[in-house]
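**Q** Whole structure, please, built from the sequences with the hints as guidance.
Residue numbers (the numbering used here), protein chains in the order written: chain X, 77 to 428; chain A, 77 to 428.
Think of the hints as simulated: they come from the structure by calculation, not from any bench. Treat the hints loosely; a few may be bogus.
[To be verified] List of simulated lysine to aspartate or glutamate pairs, DMTMM-like, C-alpha gap at most 20 Å: (1) Lys334(X) x Glu355(A); (2) Lys266(A) x Glu227(X); (3) Lys352(X) x Glu327(A); (4) Lys334(A) x Glu355(X); (5) Lys150(X) x Glu263(A); (6) Lys150(X) x Glu264(A); (7) Lys266(X) x Asp229(A); (8) Lys150(A) x Glu264(X).
Here the structure is a predicted model, which is why all the values come from computation and not from measurement.
2 protein chains.
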Amino acid sequence: MSARITIALDVMGGDQAPRMVLQGAEKALVRYPEAEFLLFGDESKIAPLLAKMPKLTRRSTIHHTAELVTNEAKPSVALRTGRRSSMRLAIDAVADGKAECVVSAGNTGALMAMAKFSLKMLPGIDRPAIASFFPTMRGESVMLDLGANVECDTDNLVQFALMGDAFSRSVLGLVQPTIGLLNVGSEELKGNDAVRAAASKLREPGSPVKFYGFVEGNDIAAGTVDVIVTDGFTGNIAVKTAEGTARLFGEFLRAAFKYSLLARIGYLFAGGALRKTRERMDPRRYNGAMLLGLNGIAVKSHGGADALGFANAIGVAIDMKVNGFLDQIRDDMTRLNAIKPSVPPAQQTAAL
Amino acid sequence: MSARITIALDVMGGDQAPRMVLQGAEKALVRYPEAEFLLFGDESKIAPLLAKMPKLTRRSTIHHTAELVTNEAKPSVALRTGRRSSMRLAIDAVADGKAECVVSAGNTGALMAMAKFSLKMLPGIDRPAIASFFPTMRGESVMLDLGANVECDTDNLVQFALMGDAFSRSVLGLVQPTIGLLNVGSEELKGNDAVRAAASKLREPGSPVKFYGFVEGNDIAAGTVDVIVTDGFTGNIAVKTAEGTARLFGEFLRAAFKYSLLARIGYLFAGGALRKTRERMDPRRYNGAMLLGLNGIAVKSHGGADALGFANAIGVAIDMKVNGFLDQIRDDMTRLNAIKPSVPPAQQTAAL
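**A** Shown next as structure tokens:
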């Protein structure tokens with residue numbers, strides 16, 4: 077697919093920056109040859125690398141700044157003191173209409189704080205959420221929030237459902253994604269007040285999303301639904317638990333193949349199949365944590381991502397823009413607000 | 077190890093009950109030849125099966141009851157109407173001092189409600205927690221709460237830490253287990269109020285446990301600590317997410333081996349190594365969800381467990397008894413209560 081689109085890059089963010097960022101941008105040009113890049117960062121470091129990348133050079137402009145946000149910086153400090161940082165200037169390029177999306181592999185907390193400040197929230201959305209992809213038995217699914225909000229109320233969860241719906245429509249190309257609320261059981265009475273109230277709101281006639289109901293932890297990898305909605309505390313722990321478990325399985329497998337001569341011989345034949353499995357579980361394939369709910373498109377690449385991972389994160393940002401993510405979420409909000417409450421007005425007043 | 081101990085069994089609980097329960101008890105006799113079993117359940121179903129198990133017959137007594145708790149029963153209903161059920165009578169045998177521990181593969185919620193009612197809580201413990209084992213890079217660890225309490229306050233989390241400490245000492249044989257609190261980051265300021273306050277309490281000089289600090293989701297499988305403490309909502313979702321991810325990895329692996337002729341040949345050689353890996357990840361090896369915090373020992377076997385899994389659950393109950401779990405937790409409570417608050421009294425009053 078070809079797309080005329082301008083992407084602002086925080087060239088200084090990420091463990092292997094700036095080289096990894098530039099190589100990622102070059103890789104992204106293969107899939108999106110008409111993309112244009114605004115490169116924010118230290119020109120003295122960028123220029124020598126760019127000199128060896130003629131294709132990327134033709135599609136990009138360097139915007140020099142000597143300042144950057146470190147991985148250790150607290151979000152509040154970065155927000156106050158990092159006004160000339162590569163991360164902030166890249167975000168501001170979106171706020172000012174000079175770019176259509178921003179991608180950074182830098183400090184997540186700082187990126188979230190700056191993006192929230194500079195881009196503002198979409199009308200009707202109270203808090204941003206971090207979303208990401210998961211490999212599943214049926215393909216891939218989207219989960220949010222993965223850590224932006226440690227505590228979430230009913231409205232936050234309902235808004236996350238709409239954001240996840242719009243995201244999976246625009247990036248996964250789903251026509252009517254199914255939405256599940258993560259809980260400790262599938263029965264209506266399970267869970268805390270926030271998830272129960274959010275479920276009853278999403279079940280209302282006229283709900284803008286196709287609500288499946290409650291899902292449990294094992295439903296994430298099973299692919300029971302297309303979008304899994306949860307608070308940032310649980311979501312962060314679930315995603316890291318899944319990563320750790322996949323790593324443990326890989327480690328057990330490696331150990332098992334060293335165990336006997338027979339197994340080593342088997343590896344000579346089956347090595348390709350094993351590599352293929354590890355690739356399918358490879359987080360790089362699913363790279364890109366999307367900052368949803370903002371009035372602009374911002375994608376966080378994993379700090380340890382390589383060029384391939386960063387190129388995928390750029391791809392996600394482009395898909396969001398090209399497929400109208402922001403319009404989609406606005407439509408969903410309009411439909412949510414049009415729901416006629418099923419509770420009689422008298423009772424509602426009493427409840428207030 | 078040989079142990080003179082009497083175990084009450086809910087013979088009617090579990091998908092494959094009563095056969096699976098009896099076969100599990102027979103298997104357990106191999107490791108614990110001096111164990112005695114009180115078998116609660118329908119004698120007309122138990123007797124014919126037992127007739128073919130001479131070893132188990134010699135070590136057990138049938139206590140007939142025609143009533144049982146179904147998997148679908150609500151805990152409150154089971155508690156009210158199930159006074160003559162096999163589950164309740166098995167628990168009561170521990171409360172009455174006729175048995176030293178109880179094992180059931182039945183309805184978890186009902187087991188928890190009945191055990192709490194009949195056994196009561198240990199002095200100083202407000203709420204029971206469900207604990208289980210996890211395979212890790214370094215062996216195995218213990219995690220709690222896995223779903224008994226959807227919402228937990230600071231005191232609950234601190235008490236869970238003590239319960240996990242006592243449990244891993246008595247069952248895993250650890251001299252000084254390390255305790256981690258599950259959180260979204262390792263920095264002191266991360267997380268919600270309950271986990272931050274619990275951490276500061278566990279860090280106090282004189283704390284009865286060796287507190288490592290906060291751990292993240294990926295630390296579970298990494299084996300960073302011996303005991304992972306969390307609330308029942310997060311814990312339930314984390315354990316099910318890990319199960320689902322392990323199943324997904326196994327599925328991807330199976331698919332990869334079907335992919336090419338070469339891989340199929342490889343499987344002929346490496347099949348043993350792969351089976352070994354799946355075995356290491358097999359939840360049956362880690363069977364037994366312990367109901368901790370009660371004034372008595374109660375172990376829940378997985379409802380879908382087979383005889384081997386049920387035998388393991390019996391083994392855990394025996395280890396808890398023989399290695400003095402209840403005394404250990406009482407010691408920890410005494411040490412916790414002896415901590416002199418590090419906050420000056422004036423400030424404390426202000427905080428109230």
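**Q** If a hint holds in the structure, say so; if it does not, say that too.
**A** Taking the hints in turn, this is what the structure says about them:
Simply put, lysine 334(X) and glutamate 355(A) have alpha-carbon atoms about 16 Å apart, close enough for the 20 Å limit, and the pair holds. For a cut-off of 20 Å, the pair hint linking lysine 266(A) to glutamate 227(X) stands: about 12 Å separates their Cα positions. With a C-alpha separation of about 12 Å, the suggested pairing of lysine 352(X) with glutamate 327(A) holds against the 20 Å cut-off. Using a Cα cut-off of 20 Å, the hinted pair lysine 334(A) and glutamate 355(X) holds, with the two alpha carbons roughly 16 Å apart.
Proposed proximity of lysine 150(X) and glutamate 263(A) is supported: the alpha carbons are some 11 Å apart, at most 20 Å. Simply put, lysine 150(X) and glutamate 264(A) have alpha-carbon atoms about 13 Å apart, close enough for the 20 Å limit, and the pair holds. Straight-line distance between C-alpha atoms of lysine 266(X) and aspartate 229(A) comes to about 19 Å, which keeps the hinted pair within the 20 Å bound. A C-alpha spacing of about 13 Å is found between lysine 150(A) and glutamate 264(X), which places the hinted pair at or below 20 Å, so the restraint holds.
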